[in-house]
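Participant: Please work from the sequences and hints to get the whole structure.
This is what each chain is made of:
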Amino acid sequence: MKYKEKLIENFFKFCASITIFTTIGIIAVLLFESISFFRDVSIFEFLTDTQWTPLFSEKHFGILALVSGTFLTAAIAIAVALPIGLTIAIYLNMYAPKSFRKTLKPFLEILAAIPTVVYGFFALTIVTPFLQTIYPDLETFNSLSAGIVMGIMIIPFISSLSEDALYAVPKSLKLAAFGMGSTRFQTAFKVMVPAASSGIIVSVILAISRAIGETMIVAIAAGQQPQLTLNPTVPVQTITSFIVQVSSGDAPQGSVEYKTIFAAGLTLFLFTFTLNSVSFWIKKKYQEKYE
Amino acid sequence: MAKETAITMIKIKEKKIDSKKVEDGASKDGAKIAIKDVKVWYDDFMAIKGIDMTIKPNTVTAFIGPSGCGKSTFLRLFNRMNDYVEGFKMEGKIKLNGTNIYKDKINVEELRKEVGMVFQKPNPFPKSIFENVAYGLKIQGIKDKKILNERVEKALRQADLWTEVKDDLKKSALALSGGQQQRLCIARTLAVEPSILLMDEPTSALDPISTAKIEDLIFELKEKYTIVIVTHNMQQASRISDYTAFFYIGELIEFDKTKTIFTNPEKQQTENYITGRFG
Amino acid sequence: MNNFQKNKLIDHSFKILGMLFTFLGILILAILIYNIVKVGYTRINWTFLTSLPSRKPENAGIYTAIIGTLDLMLLTVLFAIPVGVGAGIYLEEYAKKSKLSSLLEINISNLAGVPSIIYGLLGLGVFVRFFNFGGSILSGSLTLSLLILPIIIVATREAIKAVPHSLKEASFALGASKWQTIKNVVLPSSFGGILTGIILSLSRAIGETAPLIVVGAMAYVPFVPQSIFDTFSVLPMQIFNWTTRPQQGFAIAAAGAIIVLLLITFVMNGIAVYFRNRWQKKLQ
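Sequence lines, in order, name chains G, A and X.
Under the numbering used here, residues 1 to 291 are what the first sequence spells out, in order.
Under the numbering used here, residues 292 to 570 are what the second sequence spells out, in order.
Under the numbering used here, residues 571 to 854 are what the third sequence spells out, in order.
One thing to keep in mind: the hints can contain errors.
Within a straight-line C-alpha distance of at most 27 Å, the following computed DSS-like cross-link-like pairs (lysine-lysine) qualify [what the hints assert, rightly or not]:
1) A:418 x X:731
2) X:667 x X:748
3) X:731 x G:171
4) X:667 x G:283
5) X:667 x A:462
6) A:515 x A:548
7) X:667 x A:394
8) G:171 x G:6
9) G:13 x X:753
10) X:669 x A:412
11) X:666 x A:412
12) G:283 x G:102
13) A:461 x X:669
14) G:4 x X:748
15) A:380 x X:669
16) G:174 x G:190
17) G:4 x A:434
18) A:394 x X:666
19) A:457 x A:380
20) X:731 x G:284
21) A:386 x A:515
22) A:457 x A:434
23) X:731 x G:283
24) A:418 x X:851
25) X:626 x A:412
26) G:105 x X:852
27) A:434 x G:6
28) X:731 x X:666
29) A:394 x X:851
30) G:283 x X:666
31) X:851 x G:2
A few chain A residues facing chain X, derived, Cβ under 10 Å [claimed, not checked]:
32) 375
33) 404
34) 410
I should point out that these hints are in silico values taken from the structure, not numbers from a laboratory.
Idealized CB from N, CA, C, for every residue including glycine.
Facilitator: Now the structure itself:
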């Protein structure tokens, strides 16, 4: 009896510890191959070179070219998603009737459930041609279209998480503001948003992290040309789409091309890990404040 | 095994599950609880500050006192329900018929089959009426349909619920009224055939009619069980209990025959409380 | 215009803006679906569903992709559900507030934020190379299992948290052990919530492309996999592959495959929402 109980508990413990092994596995794999990569390529070159051409005969390994593409597309996505997502969150929380809110939210959340490969197709075959009718110089592959579509995908992240944060603000605060004759707009921006700011910041950080790690949209619609540029109308390559490009080809194990995807992956992991940790830290601090 | 002997010592009687005994109505006796210098902490907070007490078999003992006085905590020591509370720490001895229930070797699950508990709010499982009452038996591994049926019926009769539910045993327990649910919870506890029945404000969530029914039930049950009941309701304590213990901020102020407590208390604090001057 | 009127006007304008943005989201969803259906509906027929991929777009079908998706999901379910639910039970019922549990908690929240392509690199390093499973269904499903584990764990924990404490107490008080209480009271009461989480996590797994590309799922698999060690393709891989081809015929095929993928995703999400609502009602 006691023995069986202990056995079951240990099984569950083992299940839980798989998550630890996963993290260890990720770090080990990335480090192992990256260390091997940095035997061939100096870290200095990796961090300072402005060209990324590991698949050409004249190889350059400047990760900046990929990082710039990554941040350019992510910045466009956030520029789209933040104002729209936050406005929706405030609207649903402060203005919309309850029944409205209940029916609209699931619809918005469908946006987050659509597979990203579908968004990639949408960006390439529908959004880009549409944008080209406005701005004919836009190239077929560009960061603008990929960024906008990524932003659309991220809207429900920001709107949902921010709305939760607004919802968690004590009702008394809202009523106090109304009681002093504030309009809903004033209440929203002078009382609610500041009170929910940490939750909103967390939602934005998570959205950025999501955008940086997003793969299929940029792999399909943003192109495969690593370049250090802020021009949204030309093709770029992100860290993720580079990994896809190499994986789709046939890089033999042990070759430099093969190892680059782990070095690139390690870079990406460091970015998202930092962002996630910051958001976790803010969340913990903010929870304590309200408890 | 040492563990086994400890268990058998608690047991008043061998619990052989044969149907004949069930038909006989297998009369049982309540157990004696002896509490010696018991102290309880939740982290740094001292909730029980050293209590001695002896609860006689086949009596009803009521615990009264203002909220937060420790009476519920104290009650929950007897079936070790506090073990799950974060930061719980305990000193002293609680003996059931001579066996210290806080000894390392005690099997808590076995203990709880001896010491049943009814809670403040009716908490039936979201299962059928039958499954609720049979729960304690099934987890003991009793699978025989006939025995289960008999024990369920017996428990429901003891809890004075049989006539009301005998045709709807398959119905969800959640469909019952609050008073019926609480009697179902009592039946569920009785089905396991404990010797002690702990009741933590069992009528505080019920209407007066349901309360009266449960009070009658307690009166009947004390023939076979030792009953300890926590109550906020002074009239209830005076109506149903043989002994009353008055608690105040973790201390046992007074413990005596109920009649004495309510007519001629020794301590001024007790008098103040039962006359409603504070609480 | 006085101050009061000005405030009123701003307030009202913002309301309209909010409404516009909310409907914009839904409008975009409608545009997306409309355009894809417009392009792809011609391909939606039995032949498309039962044909092997082909070099000629008009002959190409999604049979191998559908079978690959099914196989992959089946194995993923097999790995991810017991481990995810088990881990959730451990965190909620056994390891409350210990050092280990707070470490696990931080770790899981971090894993949930790791980009899916990184899981692909993990799968490549561990399953494909180290265990030498190759670019097989087994490698793919193990990788996806790890990817959706955090979702299942979080959903399981939420569902278990919602089980009233009084029910657990009642079970303990009747002499039930921890596992008996979990099996007979906690899991039946949290089943709806856990199921919702599982379905949502699978709907996520079905649409994943990036980690499978890295693990080595092939876009062109002209045969149906026979064992878990065979290479495979899945619907999103097939879509990706067709999308990157220049011929218009493949874009149409891709749109057709997208219709199928979206249908699966929406149905799964619908079922999940249905279970969640039913469970929440039951809980009250």
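Participant: Please name the hints from earlier in the document that this structure breaks, with their numbers sorted from lowest to highest.
Facilitator: Those not satisfied are hints 5, 8, 10, 13, 19, 25, 29 and 31.
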